[in-house]
Amino acid sequence: MAPRVELPTGFFNYPSPTAHDIPYQQHAPPANPVIRGLPLYYLSSIVAALPFAQSFLWNNAGFNKLRSRAELDHVEARYDPTVIPIPTPSHEPIASYTAESSLRVPNGHFHAAFKAGRLTPIDVAESLLPLIRRDVEKRSPHSTAFVQSQIELVKQAAEASTRRYRNGTPLGVLDGIPFAVKDETDVRGYKRHVGTKHDYTKSKDVETSWCVKKLEEQGAVMMGKLSMHELGLDTTNNNPNWGTPLNPYNEKYYTGGSSGGAAYAVAQGIVPFAVGSDGGGSIRIPSNYCGIYGLKPSHGRVSIAPLHQTDISTVVQGPLAGNMVDLEVSYRVLAQPDPSHPSSRLFAPPRPLTTPRSKKLGIYKPWLDRADPPVKQACQEALNYLLKLGYEVVDITIPLVHEGQLAHAMTILNETLASQPDVSDISSPNAVLLKVASQTPARDLLLAQRLRHLIMQHLAYLFQVHPGLIIVTPTTPNAGIPIGEGDLSYGVSDGNTAVRNMEYVWLANFTGVPCIQFPVGYVEPRQGKGKIPVGLSGNGEWGAEEELIAFGYDGERYLNEAFDGGRVRPEAWVDVLDNKSQ
31 MAPRVELPTG
41 FFNYPSPTAH
51 DIPYQQHAPP
61 ANPVIRGLPL
71 YYLSSIVAAL
81 PFAQSFLWNN
91 AGFNKLRSRA
101 ELDHVEARYD
111 PTVIPIPTPS
121 HEPIASYTAE
131 SSLRVPNGHF
141 HAAFKAGRLT
151 PIDVAESLLP
161 LIRRDVEKRS
171 PHSTAFVQSQ
181 IELVKQAAEA
191 STRRYRNGTP
201 LGVLDGIPFA
211 VKDETDVRGY
221 KRHVGTKHDY
231 TKSKDVETSW
241 CVKKLEEQGA
251 VMMGKLSMHE
261 LGLDTTNNNP
271 NWGTPLNPYN
281 EKYYTGGSSG
291 GAAYAVAQGI
301 VPFAVGSDGG
311 GSIRIPSNYC
321 GIYGLKPSHG
331 RVSIAPLHQT
341 DISTVVQGPL
351 AGNMVDLEVS
361 YRVLAQPDPS
371 HPSSRLFAPP
381 RPLTTPRSKK
391 LGIYKPWLDR
401 ADPPVKQACQ
411 EALNYLLKLG
421 YEVVDITIPL
431 VHEGQLAHAM
441 TILNETLASQ
451 PDVSDISSPN
461 AVLLKVASQT
471 PARDLLLAQR
481 LRHLIMQHLA
491 YLFQVHPGLI
501 IVTPTTPNAG
511 IPIGEGDLSY
521 GVSDGNTAVR
531 NMEYVWLANF
541 TGVPCIQFPV
551 GYVEPRQGKG
561 KIPVGLSGNG
571 EWGAEEELIA
581 FGYDGERYLN
591 EAFDGGRVRP
601 EAWVDVLDNK
611 SQ
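Those letters in the sequence shown? Residues 31 to 612, per this note's numbering, in order.
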C-alpha cells in the first residue's frame, strides 16, 4: 500500500498526497536520426503521405512504453493540473494594483532617470526602434528577434508616458519601461503568426491579452512582438520563416526556444523584461541558454486570455527578465486575477512573503546525475553556496521521470495538433512532428493522463512531508545547443536533442507546479567564441511563486558573489541609457 498523508485543506483540486515508490531505471535515448537541409524537406513529404511511416516514428520515439507500466492500472486519469490555493482574509482582492506597492523597485536606472528628467520614455523608444525594426533597408542584427513593431503605437505610448513624468504623475515604476511579447500573444494592432507564415489574426479589432493590458495599465511601453519557434514545437528557436536570432553569448549557438526572441531581447539589454509562454520549458530553456531569469507560474495562475490555447493543459504565460527585481515586479503585474478567466480569477492577488521560509531543497540524485559534467559542476557550486545561506538538502524520489517526459510530450503534441489540424503550410520539421503525433491512440493518451495524476500525487506527498520544499534540478542537462551546418536555411529535425533539452523542465508543465530558472555560471563552448550560460531551476508547490522568487534572489546573490559584477553581459549588449550599443 502506497504511503499517504492527510489531504491539506487550503487548496482547490489538490491531489491526494500519495507516495509512489518506483525504483529509478536508466533509459537509453531512442535511435532518432538527425535530419537537416533538403533531405528533411523530402522526408516530410514522405511522412505526410505514408501513415505507416508516421506509425513507425511514433513507436520509435517510445510513446508506446506506458503500456507496460502496471503501476498505472488503478490510477484515475487527470486532464487538468490546476491546483489553486484558497485565498485567506489577508489575500482579499484589491481594487487596483500598482507596481509601486512592491517591496522593491525594478529598473531603478530607467525610473530614476525619467523622474529626474535626464531621460524620457520617448528618448528610450526612439533609441530602440532603429534596432528592432524589420521595415527598414538596413536592418540591425537585433531585428531578427522581432517579428513586428507598430511604430506609431510605440511612440504614442512613449509620448503619453513622457507627459505623465513631466506633469509629475507617473503611474508607477513601470511607467515608460519598454517591454515586448512573444508572437503568439494577442495585441491590438498586431498580427498573430505563432512563428508560422500564416496570419492567425481573426479580425483587425483584436482584443489585447490580459497580460499586455495589465502592463500597459502601469504605463509600460510595448515595443513589439518577438520571434518564436514555429508553433512552439521545439527547443532551439530555429525559424526559417522569420529568421533565427543567435545566442547573445555565442553566435554559433541557439537562443533556445520557444520564447527565444524574448530571451534574446532581454539578454541583449533591449528590454528589461518580456512576456513569454511555457508549455515544455519555453520560458526556462531560452532563459537558461541566454543567461537570464525566467518564471513559469502555476498552471492557471496567469491569465492566458484570449490566447487561443485555453484548452492546452501544459501552457502558461510568464516573464523573462534580466534580474530578479524585474522578474518579480513583472510577475506581480501579470498575475493579477482575471475575472474572465476560469482559474486565474480564483487565485489571490500576488503578495510578497511575510513569513519565514523552510529553505528545503529536494534533490533526486539519479535524475540530477544525468546532467553533463560541466553543468552538474556549476549547479553543485551554486548549491554549496546556498547551503551556507541556511538551505537544507533533502534526498527525494520522483516516480517514472522518463515515462513522465514521454507522457508530457504525447500530451502537448496532441493538444497542439487539435488546435492545428492543417500542417500543409508549416515547416518540414514540425510537419513531421505533428504527423507522427496524429498516430497516438486514445489508449496511450489516457495512460499519459494517469501518469500525470500519479506524479502529482507523489509531489503532493513530498510537499506535505517537507513543507516549503523546492525541488531542484539543472534547467537543462546540457550547456547550449550548437547550430549545425545548414540549420538556419531549412530547419533541423533532431528528436534526441529536443528530448535531452527537456530532461527536467517538463515536470512543471505536466503537473502544473511553478518553476523558476536563474543563471549560476558560464562554461566553455563546443564551437564558436563565448562561454555559454548555465542555469539552476527550482520547482515549488502549487501557488508557491513567492517562495520561488525568494529562492531566485538567493541564486542571484550567489551569481553576484561568484562572478565579479554578477550576470555577465554579452559583448553586443545594448546600453539604452547611453542611447548607444556597446
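Hints are computed from structural coordinates only; laboratory data are not their basis. Just so we're clear, the structure is a prediction, and the values are computed from it rather than from any experiment. Hints are supplied without guarantee of correctness; some may be wrong.
Stated by the list, open to error - The list that follows gives simulated cross-link-like pairs (lysine-lysine, DSSO-like), each with its CA atoms no further than 30 Å apart:
#  : residue 1 : residue 2
1  : LYS95     : LYS168
2  : LYS185    : LYS227
3  : LYS185    : LYS243
4  : LYS185    : LYS406
5  : LYS232    : LYS185
6  : LYS406    : LYS559
7  : LYS418    : LYS406
8  : LYS168    : LYS418
9  : LYS145    : LYS95
10 : LYS389    : LYS406
11 : LYS221    : LYS185
12 : LYS95     : LYS389
13 : LYS145    : LYS168
Stated by the list, open to error - FRET-style restraints, in silico, Cβ to Cβ:
#  : residue 1 : residue 2 : range
14 : ASP605    : LEU80     : 35 to 45 Å
15 : TYR109    : LYS221    : 45 to 55 Å
16 : LYS221    : LYS243    : 14 to 24 Å
Where a beta carbon is used, it is the ideal one built from N, C-alpha and C, also for glycine.
Each hint, compared with the structure:
Simply put, LYS95 and LYS168 have alpha-carbon atoms about 52 Å apart, too far for the 30 Å limit, and the pair is violated. Of the pairs offered as hints, the one joining LYS185 and LYS227 holds, with about 27 Å between alpha carbons and a cut-off of 30 Å not exceeded. At roughly 17 Å between alpha-carbon atoms, LYS185 and LYS243 fall within 30 Å of each other, so this suggested pair holds. Between LYS185 and LYS406, the direct Cα distance comes to roughly 46 Å. Violation of the 30 Å bound is thereby established for this hinted pair.
A threshold of 30 Å between alpha carbons decides the hint, and for LYS232 with LYS185 the separation of about 26 Å falls inside it, so the pair holds. A threshold of 30 Å between alpha carbons decides the hint, and for LYS406 with LYS559 the separation of about 22 Å falls inside it, so the pair holds. A threshold of 30 Å between alpha carbons decides the hint, and for LYS418 with LYS406 the separation of about 19 Å falls inside it, so the pair holds. Simply put, LYS168 and LYS418 have alpha-carbon atoms about 51 Å apart, too far for the 30 Å limit, and the pair is violated.
A C-alpha spacing of about 60 Å is found between LYS145 and LYS95, which places the hinted pair above 30 Å, so the restraint is violated. Distance check on the hinted pair: LYS389 and LYS406 sit about 21 Å apart at the alpha-carbon level, within 30 Å; holds. Distance check on the hinted pair: LYS221 and LYS185 sit about 18 Å apart at the alpha-carbon level, within 30 Å; holds. For a cut-off of 30 Å, the pair hint linking LYS95 to LYS389 is broken: about 37 Å separates their Cα positions.
For the given pair, LYS145 sits about 34 Å from LYS168 by alpha-carbon distance, which is inconsistent with the 30 Å threshold. Look at ASP605 against LEU80: about 54 Å separates their beta carbons, and that is not inside 35 to 45 Å. Distance hint check for TYR109 and LYS221: the Cβ-Cβ separation is about 32 Å, which falls outside the suggested range of 45 to 55 Å. Hint check: LYS221 to LYS243, Cβ distance near 18 Å, so the stated range 14 to 24 Å holds.
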